[in-house]
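Asker: Chains as they are written, first to last, in the numbering used here: chain H, 1 to 300; chain Y, 1001 to 1383; chain G, 2001 to 2265.
Rather than coming from a laboratory, the hints here were simulated on the basis of the structure.
Every residue gets a Cβ at the ideal spot worked out from N, C-alpha and C, and that includes glycine.
It is possible that part of the hints are untrue.
[Unchecked claim] Distance condition first, Cα-Cα at most 25 Å in a straight line; then the derived DMTMM-like pairs of lysine to aspartate or glutamate:
(1) H:Lys-216 x H:Asp-205
(2) Y:Lys-1079 x G:Glu-2168
(3) H:Lys-140 x G:Asp-2054
[Claimed, not checked] Here chain H is said to cover these stretches of chain G; the calculated rule only asks that three of the stretch's residues, wherever they fall, bring their Cβ under 8 Å from a Cβ of chain H:
(4) 2218-2226
(5) 2235-2245
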Amino acid sequence: MTQPLVAPAADTGADVAPPVRRRGRWIPYLLLLPGLLWLAIFFVLPMLTVASTSLQEGSLAQGYELTWRVANYTEAAQRYAAQFSRAFLFAAASTVLALVVSYPLAYFIAFKAGRWRNLLLLLVIAPFFTSFLIRTLAWKIILSDSGWVVGTFQTLGLLPEQGRLLATSVAVIAGLTYNFLPFMTLPLYASLEKIDRSLIEAATDLYASPFTAFWKVTWPLSLPGVVAGTLLTFIPAAGDFVNVRFLGTPSQSMIGNVIESRFLVVLDYPTAAALSFTLMLAILLLVGLYVRRAGTETIV
Amino acid sequence: MTAPQPTEDAELRLIGLTKRFGPITAVDDLHLRVPSGAFIALLGPSGCGKTTTLRMVAGLEAPTAGQILLGDTDLTGLKPYRRPVNTVFQSYALFPHLDIYENVAFGLRRSGIKDVRAQVGQMLELVQLTGFERRRPSQVSGGQAQRVALARALINHPKMLLLDEPLGALDLKLRREMQLTLKRIQEEVRITFLHVTHDQEEAMTMADTIAVMSQGRIEQLGHPEQLYERPRTQFVANFLGQSNMLRATVDGRDGDLVTLRIADTTLVVPAEMLSHGMLTASGEVHVGVRPEKLDLAPVDDPVPQGRNALRGVVVDTSFMGTSTQYLVRTGWDQELTVFAQNRHTDVVAPGTRVRLTWRPEHAFVLDADTPTSAAAPQPAVAP
Amino acid sequence: MSRRLWRGVTRNLVGFYAALALLYLFLPVFVVIVFSFNDNVGRFNFTWQGFTLDSWLNPCGVAGLCQAMIRSIQIAIVSTIVATALGTMVAFALVRHRFRGRAMTNLLIFLPMASPEVVLGSAMLALFLNVGVRTGFLTILLGHIMFNISYVVVTVKARLLGMDSRLEEAAMDLYADEWQTFRRVTLPLVTPGVVAAALLAFALSFDDFIITLFNSGNTTTFPLFVYGAAQRGIPPQINVMGTALFAVAFVVLLVGQVTRRFRRS
Chain H
1 MTQPLVAPAA DTGADVAPPV RRRGRWIPYL LLLPGLLWLA IFFVLPMLTV ASTSLQEGSL
61 AQGYELTWRV ANYTEAAQRY AAQFSRAFLF AAASTVLALV VSYPLAYFIA FKAGRWRNLL
121 LLLVIAPFFT SFLIRTLAWK IILSDSGWVV GTFQTLGLLP EQGRLLATSV AVIAGLTYNF
181 LPFMTLPLYA SLEKIDRSLI EAATDLYASP FTAFWKVTWP LSLPGVVAGT LLTFIPAAGD
241 FVNVRFLGTP SQSMIGNVIE SRFLVVLDYP TAAALSFTLM LAILLLVGLY VRRAGTETIV
Chain Y
1001 MTAPQPTEDA ELRLIGLTKR FGPITAVDDL HLRVPSGAFI ALLGPSGCGK TTTLRMVAGL
1061 EAPTAGQILL GDTDLTGLKP YRRPVNTVFQ SYALFPHLDI YENVAFGLRR SGIKDVRAQV
1121 GQMLELVQLT GFERRRPSQV SGGQAQRVAL ARALINHPKM LLLDEPLGAL DLKLRREMQL
1181 TLKRIQEEVR ITFLHVTHDQ EEAMTMADTI AVMSQGRIEQ LGHPEQLYER PRTQFVANFL
1241 GQSNMLRATV DGRDGDLVTL RIADTTLVVP AEMLSHGMLT ASGEVHVGVR PEKLDLAPVD
1301 DPVPQGRNAL RGVVVDTSFM GTSTQYLVRT GWDQELTVFA QNRHTDVVAP GTRVRLTWRP
1361 EHAFVLDADT PTSAAAPQPA VAP
Chain G
2001 MSRRLWRGVT RNLVGFYAAL ALLYLFLPVF VVIVFSFNDN VGRFNFTWQG FTLDSWLNPC
2061 GVAGLCQAMI RSIQIAIVST IVATALGTMV AFALVRHRFR GRAMTNLLIF LPMASPEVVL
2121 GSAMLALFLN VGVRTGFLTI LLGHIMFNIS YVVVTVKARL LGMDSRLEEA AMDLYADEWQ
2181 TFRRVTLPLV TPGVVAAALL AFALSFDDFI ITLFNSGNTT TFPLFVYGAA QRGIPPQINV
2241 MGTALFAVAF VVLLVGQVTR RFRRS
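The following block holds chain H by itself, in its conformation from the complex (with noise of 0.2 Å):
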């Protein structure tokens, strides 16, 4: 069936192929280009109009004028500052007890769940189809003063005889724990999931108790859940002002009620822009300084 082969071909004088064209190079920014250009109109430039309107004064009645006016910042820094360290204070309570709440959850579904993995999953999201806002009006029923959870607080004592839950911080952070929980429950269980069980066994083979096996092996496994899931919680919590504004009062009020009342009531909008930029930027800082130091990879 076969001859016998050779090795090295007799020369047949062929020319050597020229390499093949690479004609689709680009496919890839013909696809990137509709998507990122809307990216670039709709985030960047008005980010960049923002950068631009901090820096102007003037009023609406007389016009804006770019004056690079730097005291736009300084001079709401001072004024706001109590909303701003409210804001980032109520986000950081929210988070972490978020975190407390969502933790054991998402370890249940990961770690005990089986079959009923999905269908957990799926009861994770489903409250949350109702809207935002008509989830939050319903705590400002559960959180009534004739409600029985102000009434059960009062007979064990957690509350004043004429205490309240609503118009009280307390009340603004638990909304904000409720509102984002499955942003903090998906990361957590997504990251759990993926930890090789064997990992677990092998602590506890090498006699690890169950807790120490779960803190040295499985806590630091789900860190990059964790991470992802703080973030997604944090960063809407401290820009929010719904919570406050339907659980709260003023005396309540976040850096995100600011930027609010001065951009559509007020129409102060260099003081706004000047908020709002200040907000971003400190927050991009925290992503940044938090990412690096929990060492996560990339998060896209």
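Following the hints, put chains Y and G in place on chain H, whose structure we already have.
Answerer: Same frame as chain H, but now just chains Y and G:
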């Protein structure tokens, strides 16, 4: 795009085939000619360029230089879907969203053939998977997926079939079965098979011809017996099976035989084994003897006529089932490996003085200065 | 407590905790559903007064509510289609192609997701004011498409990364040209990811409040209507809508789950 009809004229020629990835040359000026209907294996360690070569023939990788000719057709610039060549992938690459029937029929459908039922049935019968038509790839075992991938490729009657380490993921027993199945099928359909593998046993079992590759080049090409019994470089000698390498000095010529000296022992090899390029300035060569060619006997036993003989001491024994492996230390402190077939002879104890004999034509000779392709594995027996 | 009881509790502690967490998650939903049946007197639907089906039988009884719903649906549909198309193309470029500026692209996709909505919304408003574009339906749409692109990219990208690229090579090896390979192999396999991305985009657009608030002008979407109602007066019909939204979405996802399991077996 119609599936091409099988023809006799399916000789594969690779001319100066080169592939560079930046600074790395994966395939280096490869020349190869494979006649129609052959079963050729590209054998080598990972990184030797065998898979890259296969992918260039398939059209999945564009060569940096060189040509690929199949029969009269120059495949070099052609897209994969224009080549009368099909591939069986290492991970099978079965389409998960189609059932087995549609997977197998895929190539025919793309070629515009409407009525595929008969052919699919035939193919599934050939690979012994009749009745699996409606199953999904996720519902079949590794070995079954392998056979589906094979059927999916063969159904198009390609001029050549490329197999990219298709048996790697199977367990030993299944792998052995599949090796024989593939060989049987190849003989039945008489299509050229180009099989890439790093398993020398697999290559020797299945292929008529083996090209041993290292660092982008073909080290040696030939029938399995040729490569095994007459390796031309240390790399080939060590990649296929084990060898004992004796560094000896050429003494003189005696008719058909050449006399060599190592320490105080004289050896002979047939003169035809030495090519003119083999005698270095110092007159040294490597004489290779495979462990199974060495006969072990007590040191005082007479040496049969015409055989080479060495004396040594047994250092270690291992019982391996079909054979016993001995390590014998020679007078010049080299440890040689001997495979003695278990035929109810008593195991020779360590410490026993023995003599090893072999027939002169059972050795091979290598140039002492042959560069052994830098990344060659350690010789089986340390000199 | 006996040893066995203690061990039983600790072993199931996580499960117990998880059940509590789920209860906590559903509490507001129960309240929303229950209060949709409230026989409300007065402007605000905060105290229970009695059971009635009136609101359910007359869901559009409140002026402007159903129009707002329709607006939201319209915007959601259009923004989903556009964002899914644009985002899927970007995802393909990121996963399947090599190009310069990959880091910048990743950053540009990531930043909108990392920005608080108040910043995004107000920034867009600043742009529109500067350029002299009147805010309304169109500007809402533009904004929704903008933030949805990132989410679509992330979702489709995840799906593409999980896809074996050898499958496309196998298709080409079997005589499918580039277009056929795309149509017969790539597309069917990436479709679940694209569908998931579209559903996500729809939900995000429909429920969006903050960005919409800044850019809506005179147009009212459903979230904006609810916001206004929180000040004007909250009719039970809002709860009816909320419950309906919940039910529809729940059913859609459930069906999706079931069909996936059905197809697998």
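Asker: Which numbered hints turn out to be false for this structure?
Answerer: When the structure is compared with the hints, none of them turns out to be violated.
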